[in-house]
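There are 2 protein chains.
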Amino acid sequence: MTEVKAELISVGTELLLGQIVNTNAAWISEQLADKGISVYYHSAVGDNFNRLADVFREAGKRSDLVFITGGLGPTEDDLTREAFQHISGVEIIEDQDTLNKMEAFFAKNNRMMTPNNRKQAHVFKGSKVLHNSVGIAPGIIVDYNHTLWVFMPGVPREMKAIMTEGVLPFLTDTLALNTVIRSRMLHFIGIGESQLEYELRDLISSQTNPTIAPLASEGEVALRLTAKAENNQEAEQLIDQIEIKIKEQVGQYLYGYDNIGIEKKVFELLKQKQLTIASAESLTGGAFASKVVDQGGASAIFNGAAVVYQPFSKISALKMSEELITAYGTVSEQCAEAMALHVKKVYQSKIGISFTGVAGPEELENQPVGTVYISICDASDQHYTEKFQFNGDRQAIRNRAVKKAFELLFYHLKP
Amino acid sequence: MTEVKAELISVGTELLLGQIVNTNAAWISEQLADKGISVYYHSAVGDNFNRLADVFREAGKRSDLVFITGGLGPTEDDLTREAFQHISGVEIIEDQDTLNKMEAFFAKNNRMMTPNNRKQAHVFKGSKVLHNSVGIAPGIIVDYNHTLWVFMPGVPREMKAIMTEGVLPFLTDTLALNTVIRSRMLHFIGIGESQLEYELRDLISSQTNPTIAPLASEGEVALRLTAKAENNQEAEQLIDQIEIKIKEQVGQYLYGYDNIGIEKKVFELLKQKQLTIASAESLTGGAFASKVVDQGGASAIFNGAAVVYQPFSKISALKMSEELITAYGTVSEQCAEAMALHVKKVYQSKIGISFTGVAGPEELENQPVGTVYISICDASDQHYTEKFQFNGDRQAIRNRAVKKAFELLFYHLKP
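So the sequence lines, in the order shown, correspond to chains X and E.
For the first sequence, this note's numbering assigns the number 429 to the initial residue and increments by one for each residue that follows.
For the second sequence, this note's numbering assigns the number 429 to the initial residue and increments by one for each residue that follows.
Accuracy of the hints is not assured; some may be wrong.
Since copy identity is lost for identical chains, a pair holds within one copy or between any two.
[Said to hold, decoys possible] Calculated cross-link-like contacts (lysine-lysine; reagent style BS3-like; alpha-carbon spacing at most 27 Å):
id : residue 1 : residue 2
1  : 778       : 693
2  : 536       : 815
3  : 747       : 773
4  : 588       : 832
5  : 489       : 433
Since the hints were derived computationally from the structure, they do not count as laboratory data.
These figures come from a predicted structure and were not determined experimentally.
When you get a sec, could you build the whole thing from the sequences and use the hints?
Dropping the structure here:
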């Protein structure tokens, strides 16, 4: 199969003003990737005749398949058809089926069909008209100058309906797509993006099928392996082979696949081992607990949390000793360990985890912003405590502390 | 002022695969619109040297100001600098300040700085280097062939910091922007978007300067008033005049301006009234507490929270009566009121607030998913309890409950 080069053009001044986010481009791209069609460019352009014509002309030169969304409505602003006619010379005609449908729609809703509405029934001569099951303006596919042009309304719901019901089946038939693309995500924690890439540098640079793409997110990193093949089985085999090589280098940091997150992984490990957990949180303010409760079925492993944001609430809610707090301060290993132990008792869980530190903006107890202690107290009252120095603002420090806790729990719990 | 024509180029194959939505383009566009700078094109292009070079070349021909985000990281995929060098001939040099900062960062975090990291300190000869206050790779501004080129990392948090702290102030100075555009956000809670628009329909449709743009977000709604004028004072006056008319219609729902959120407003009201609060949370799992702690200085008003996710933890951590839970169940007005009262006592706060309900995916105690009780117990032990039926999935229900609590607290506390 020769590769099909696609590009997407989103039409609408509201995109250029930042009033709406271009979710259409991402959604269409994902659908095309699944079909093995490579998207090389996204563009957004306003409702301006000359600029539309320029962008269309450029797209026709470089792509086999051009998707245009938006600018097909009834108002004078809607210029997509006219601009395409201008660059191609393809005639605009009225589609009788669409017109009938529109008239029925307006009659049914007791609304007057204003003359400008007729414009929504305009299509191109020789085009394929795709029914819009959730709105009025149809999709249009037209073959011009060795490029296939696909026009769809910009309203996401209508675009998705036309794409799913009309465009994708049409493309599958027409392009005789016999390549499948499969992806697998490998998730790592405890290793930074640059170190991961460094360890795998030879593999990444020599690899073309599957490709290996590193993706960093807060506190963890993933690799996306994408294989092209003639069928799913072959694609999966290609991915399996490269995964083995990756594991040889960095397997000890791998925690899961595809849509899993470290929070879910820890949840699964706790569940497997029939362990329950409770958290004592100072600077994180319940953010760890909230992440645990994000998991459906959390009650199997989560007993609760004490957000002890004040020194006195550590005493009143967790029955910690005032002497300990006075002697060591709240930002200390001793305080972290006592919090983890006491929350375990008060909430009757097998494991206790605690967070104490300085989220900022000000220092606390002469400790700099970003200082955080995390302590795990296990089923036999053994303590595992670490001190961290996180960067960033208040939110970033709190988020990093929560993420780090899941990392520590993962390494603590994993077989 | 001659019009400045800007365009945005987002670099990254993950955009073209539909793995991420291009929120950067919308955000940058909005900032530029505020400055009176017109954005004519958005593009997204993958990490491919030739295609990057083509897109850069085209942009240089048609725009005065080109923003490029992404492709500045440490890996071999990151080709933005190289592609720009190729089309411009502008030399790449190493920025010593950035390098020093990076070395300090890695040393502080006890991490190895792998050689590929040095690349993040690469800038252009003669460029202005903009400090990245939340990450490593700096922003870069370079003037080449009558176009101003602005390079920023693709990570939204870093891009936003560099844009706000470096790029926008620089553009204001350099372009001597002499039309001012001023915006004011008015935030409302307790009124839906469609009702707000209905109440203000005549005002919104007749208004051109300032414009009135309604913006809905989860559980609240805002109006963005945007005025163009020759100077700030004139713009502010235009906005003041329209604000008065808006307040006549819907002033009772207005809670604040600009960057305030309802969480901050409630924080300020508690602080003004010298009240402290503690929360008892079941389905919300600490999410309310975490939102309170998001505010810097939260310790002035927040004593803590008991995340009592199990019936027995309500008894062990909050000393609630087992009989009450047995008699009424945990998803009940009685349980909600007892939680609010007991958390107030255990955490020694003036106000207690509680959440109990069914986040799903399963029903609980024969109550449907989405049932939530929120109860406020005030300084004189008076209870204010409401029952809600929220729509959506587990996360949506929990988020709505937390937002609703801030709304209830706002109306409870406001003068």
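How would you classify residue 778 and residue 693 at a CA-CA limit of 27 Å: within, between, both, or neither?
-> Only inside one copy: residue 778 and residue 693 sit 18 Å apart there, 39 Å across copies, limit 27 Å.
When no copy is named, should residue 536 and residue 815 be tagged within, between, both, or neither for a Cα gap of at most 27 Å?
-> Cα proximity of residue 536 and residue 815: across copies only (13 Å, versus 50 Å in one copy).
First find the shortest C-alpha distance between residue 489 and residue 433 inside one copy, then the shortest across copies, and answer within, between, both or neither for a cut-off of 27 Å.
-> For residue 489 and residue 433, the Cα distance is within 27 Å both inside one copy (11 Å) and across copies (24 Å).
Checking residue 588 and residue 832: alpha-carbon separation at most 27 Å within a copy, between copies, both or neither?
-> between (29 Å within a copy, 25 Å between copies)
Intra- versus inter-subunit Cα pairing at 27 Å for residue 747 with residue 773 | both (10 Å within a copy, 14 Å between copies)
Violation of the numbered hints given earlier is absent; every hint is satisfied by the structure.
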